[in-house]
Amino acid sequence: MSTPTYQFAVVFEQVTRAFGEVKAVDAVDLKIRDGEFFTMLGPSGSGKTTCLRMIAGFDRPTAGKVFLHGADVTALPPYERDVNTVFQDYALFPHMTVGDNIAYGLKIRKVGKADRLRRADEMLELVRLPGYGARKPSQLSGGQRQRVALARALINQPRVLLLDEPLGALDLKLRQQMQVELKGLQQRLGITFVFVTHDQEEALSMSDRIAVFNQGKIEQIGTPAEIYERPQTAFVAGFVGTSNMIDGALARQLTGIERSYALRPEKIHLCLPDAPPQPGSVALDGSVVDVDYLGLFTRYLVKLDSGDEMTVVQQNLQKSATEVAAHAGERVRLQWLKENMLELKG
Amino acid sequence: MASSTTSLPNRSFLSRVSTALYKRPWLLTLLLFLLPLGYMVVVYLGSLAALMVNSFYQLVDFSGKIVREFSLKNYAALLQPANLSIILRTVSMAAAVTVMCALLAFPLAYYMARYASPRAKGWLYLAVLLPLWSSYIVRVYAWKLILAREGVVAWLANQIGVQWLLDGVLAAPVIGGPSLSVSALGMFIAFTYVWLPYMVLPIQAALEKVPRSYLEASSDLGAQPGETFRNVILPLSFPGVVAGSIFTFSLTLGDFIVPQVLGNSAFFIGQAVLAYQGTAGNLPLAAAMTVVPMVIMVIYLLVARKFGAFEAL
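In the order they appear, the protein sequences are chains A and B.
Heads up: the first sequence is residues 1 to 346, going by the numbering used here.
Heads up: the second sequence is residues 1 to 313, going by the numbering used here.
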């Protein structure tokens, strides 16, 4: 086992967290680089939030070690760790004003009142809520509370900021706006963000690197492009974006060996049944079962003659002669480049 | 049942009543409130009004008759030193009992709200509420025995060699007496015991409403457990303490059983009311004395509302 260095903001060594019989986190090794926007992505119950809570110190590992900037913090309580958290429910103190909420960390550190007020105002400026200091959290909208929670977590100038599904409660437009702001803030401040989400689109758009969690284990760690373009397991291929699974007899027919492959729906060309095969491509015939018009694109469900079903996505560009606006029941030919079939582990 | 919207006469009586009520929500509200409202107006407010009116009448000393004329003499009598000291004694006891109940109840409520497993919590609820299943007069007499000179407390003090401490406390002015069973301290102990459940439950309810994430956020921002308690837990559960104090304070203020059983000749408000209307036959003065705890409680409730006690109930 290598000795962790300061190059890494957070290091997990064989960390396990069991709740009774259930292993919420199962022997996880993880290295989060200093200054990166790191996302822990996974469905609920996959262990991502438990991992975040172990970085913050709210949960202790049942086995393994947690390091922050090289120091073993496994046994340290939250108030002795140089990390701060933005909570899913924001956890703003309802009996304090927005300003007092933000300045809470400074008050605990015995910073003088004048200094506290000044820095709380600066933080409000940073999260674009100037002049809101005297209000109570109950007088703010969800998006504004989100910003206050962010300001409160940042005022202690932590080296690592933990964000536990912070955008989950916001509506789509606001969420997208906050995604951009959070990313910008992280780049400006240069501190490590550890972001927990179950929203794969959010993860892809914001992160430097993503860890995909499933059943207490990390399935894959990589950049958004790596995760999307080269998913290593069937779970990742299915959870991040959508994938058609090619295995069993169909895999043998196409590649000669019985392995599992993932194929992204947008990589498949939907052609007329008599379209000539393209070089380097695979061509299979089938009939359209279902058509979903989704504005930007149309999604087709095609049942191949082999019995397998494939999802195909076609952008709604101006349709060219070779493309078809297929309807349910029509015969079609699917073609895709062999290299777009992504080989999966196991 | 074969009925349609067009054949109205065929519908059952109940169905027509339902529809009538559905169309007139105010009628339903009125029906629901008629009984409790009538009771409150006639029995509760009626007796209060009778009490208030009586407090302005006057007993003529030599004839022993009540003159039904408006007068403030009863209220003037309340300001006499004897009555003032009764009021002061009662209010002090109520305040002391309230503080003690809060000090005892908080840790228990905190344990119940934060740490106890659902099973343990069930047992603790039972333990807190069990005393309320028996008559409180019986329990007060039980305390009489426990605190008596030959009782278990005195015996225990003797056994562990702190008899001198007990004697010293009993020798003290105001709180002392010939034995714990005839002293202000004994009353204080019994009062604290009988009203404690009324303090535990509101505090526990208030603490349960504080989400765990608030405590985590506080410690995340650097606060040690003690600081989290002072800055987050206590302010957020304080309305519960105030709510509980309404019970302990008002119940002590109006009680006359505990002073009767465990007290000495120094009267409490409740005893004074009893004596004035019974032995002395001075119903108007008794009524005026009753107004005192009511006024005190109105003031107390107004202050309690400022602390948000009613949101905690």
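Bear in mind the hints are in silico, worked out from the structure with no lab data behind them.
Careful: at least some of the hints might be erroneous.
[Stated by the list, open to error] Cβ-to-Cβ under 10 Å is the rule here; a few derived chain B residues that face chain A:
(1) T19
(2) K23
(3) P25
(4) A205
(5) E208
(6) P211
(7) Y214
(8) L215
(9) S218
(10) D220
(11) L221
(12) A223
(13) N231
[Claimed, not checked] Straight-line alpha carbon distances no greater than 30 Å define the calculated DSSO-like cross-link-like pairs of lysine-lysine that follow:
(14) A:K183 to A:K217
(15) B:K121 to A:K136
(16) A:K267 to A:K345
(17) A:K23 to B:K121
(18) A:K23 to A:K65
(19) A:K65 to A:K136
(20) A:K107 to B:K306
(21) A:K136 to B:K209
(22) A:K217 to A:K107
(23) A:K267 to A:K65
(24) A:K173 to A:K303
(25) A:K31 to A:K345
(26) A:K183 to A:K173
(27) A:K113 to B:K306
(28) B:K121 to A:K107
(29) A:K173 to A:K23
(30) A:K107 to A:K136
(31) A:K303 to A:K345
(32) A:K345 to A:K217
(33) A:K303 to A:K338
(34) A:K110 to B:K73
As the structure is a computational prediction, the values presented were derived from the model and not from experiment.
Glycine included, every Cβ here is placed at the ideal spot set by N, Cα and C.
Query raised in the report: Failing hints, ascending?
Result: 1, 2, 3, 4, 5, 15, 19, 22, 23, 24, 28, 29, 34
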